[in-house]
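Novice: Given the coordinates of chain V, assemble chain X onto it according to the supplied hints.
Protein chains: 2
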Amino acid sequence: MRTDFYPSRVGSEAKLIKREDPVIHNRGKFDGPLNASDLDAYEENGFLMLNDVFSEDEVDIMAEQLKRTLENAKGEKSDTVVTEPEGDEVRSIFEVHKNNDFFSKLASNEHIVKAARQLLGSDVYINQSRINFKPGFSGKEFYWHSDFETWHVEDGMPKPRAVSCSIILTDNYEYNGPLMLIPGSHNWFVSCPGETPENNYEQSLQKQELGIPDKESLTQLFEKAGKRIETATGKAGMVLFFESNTMHGSAGNISPLPRSNAFFVFNSIQNQLEEPFSNASKRPEFLANREGIKPIDPQPTFEKEKVTT
Amino acid sequence: MRTDFYPSRVGSEAKLIKREDPVIHNRGKFDGPLNASDLDAYEENGFLMLNDVFSEDEVDIMAEQLKRTLENAKGEKSDTVVTEPEGDEVRSIFEVHKNNDFFSKLASNEHIVKAARQLLGSDVYINQSRINFKPGFSGKEFYWHSDFETWHVEDGMPKPRAVSCSIILTDNYEYNGPLMLIPGSHNWFVSCPGETPENNYEQSLQKQELGIPDKESLTQLFEKAGKRIETATGKAGMVLFFESNTMHGSAGNISPLPRSNAFFVFNSIQNQLEEPFSNASKRPEFLANREGIKPIDPQPTFEKEKVTT
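Here the protein sequences come in this chain order: V and X.
Note that UniProt numbering gives residue 245 to position 245 of the first sequence, counting from 1, and the numbers run on in steps of one.
Note that UniProt numbering gives residue 118 to position 118 of the second sequence, counting from 1, and the numbers run on in steps of one.
So that you can see chain V by itself, here it is in the shape it has in the complex:
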């Protein structure tokens, strides 16, 4: 019998559990682009925004590739292609690090991968990847959640030793539904009430209904943060790293501006998925990679990439 240090959806009570695992593992073991103050900020806040990772030309190339990939997916019947709840606009395409030449190259981008290694303190692999498109006027809200809560309960991720990397490919303003994060929330695990039904993922990708943190816990996290919520606003090309347990969400987007990003979840090679920490059966491979795991070898993505040491 495994001990579950992060129990959730096991009773009717919500609970705030102090995180005992480190945020940054083996600090200093790996070289990479993040300096000491970057690492400090990530450790304290649970996220880090970087503005100078990619050149404007590189951002243009990524945005063009994303657009093309979305267009090619229109009308495609596949589990990895997710549409808006109402309508058939493509919202997300999963598994792009395996199924798409360009994005598989981007998934091993040396700047990104080296940063992920600095944060996780080990070799890393991709646990999940996707590109997201949130259309203007009708992009739906995404309620507060910790990714780790889902990955732990539904996918059997043992520890919060994963980091999400969002490469933001449209300008993000306060008015077009940017990601919102509660600083410091990664230090607390919100054990959510309720139980996980079979195949929850089929609807949870469109609208989250389970693993929902209670208002009381969210209010406590907000107050611990000094009543602050950070919004990931910035120019296209911004890279956001956020810790697997950081509480985040986003409002709907009624503005005319769409939002798009490429999204990679790096997991520590020492934190590979086990049996789910619940009675549910495993989610599909495109949501939770288990097959053929091997460490990523960092590579330049673009012809003349900036030197990232």
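Any given hint could be a false lead.
One copy or two, either will do: identical chains are not told apart, so a pair holds if it fits within one copy or between any two.
Derived pair list, reagent style PhoX-like, types lysine-lysine, alpha-carbon separation capped at 25 Å [claimed, not checked]: (1) Lys-235 - Lys-67; (2) Lys-282 - Lys-215; (3) Lys-215 - Lys-140; (4) Lys-15 - Lys-98; (5) Lys-74 - Lys-215; (6) Lys-18 - Lys-224; (7) Lys-294 - Lys-140; (8) Lys-215 - Lys-29; (9) Lys-67 - Lys-215; (10) Lys-224 - Lys-235; (11) Lys-74 - Lys-140; (12) Lys-74 - Lys-105; (13) Lys-235 - Lys-215; (14) Lys-294 - Lys-235; (15) Lys-67 - Lys-227.
Simulated from the structure, these hints should not be mistaken for lab results.
All values derive from a computational prediction rather than experimental measurement.
Specialist: Just chain X now, with coordinates in the frame of chain V:
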């Protein structure tokens, strides 16, 4: 047969119609708290935010009165009390300038009323009033709309010669669903496709389904604004005046912070309601005042009000 200079919901085509009516009427005719640059900004943008109208003590009094009024309305069955679409939390209470001692006094606040007279260039009266409470975590979005479009089509307001005054009683951050406005949009009337059914107001107060501007027109307004959307963020006590035809909306509020405000629509005494510019029957008095109209005599609301000349 009246000529309708602002036709809407009369066909299937959306259309952008240039506003021919002035924004500020009879500039200089009335004394008041707004200076020349305030008036210029309102004329250009279609809205104006003022931060020093009320003292902190006065803001506290207003917030307390709002809270008390909402609590007293709980469970009350009345057309003027509107709850959230899902749940029974009170979202708005209408007609507070008639039914509530404090808010009727606030509705004739000398600073506010004199400003309204400066903008409308005539004596003014209240066309509609309400207090709004948008709860934390679950405040729903309000899609883009021009109030004048509704007031014209459904209430028979002849011209865009009205101004909404929102006294914002909670701190408004970018993350708790502040009002968003498109600068300069008051200079264009978006003629919306579709027709108005009977008793549209009963659902439109909860979720707007008709008189919805089309995406193409919204995009044009956004582009004319230099691709800008302004958010009404600021400290509690901020006063926002916005022109009846200014395009505005708000995202949902998933943050723990509620939002509340007192809301008064001042109409020019020379712009009183006629027959609706549609086949629909008139909306009720609490949405569109027609009875016993007389000019407001500006009065101090609080004991030691700041002198507003």
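Novice: Which hints from the list above does the structure break, by number from lowest to highest?
Specialist: Structure breaks hints 2, 4, 7, 8 and 14.
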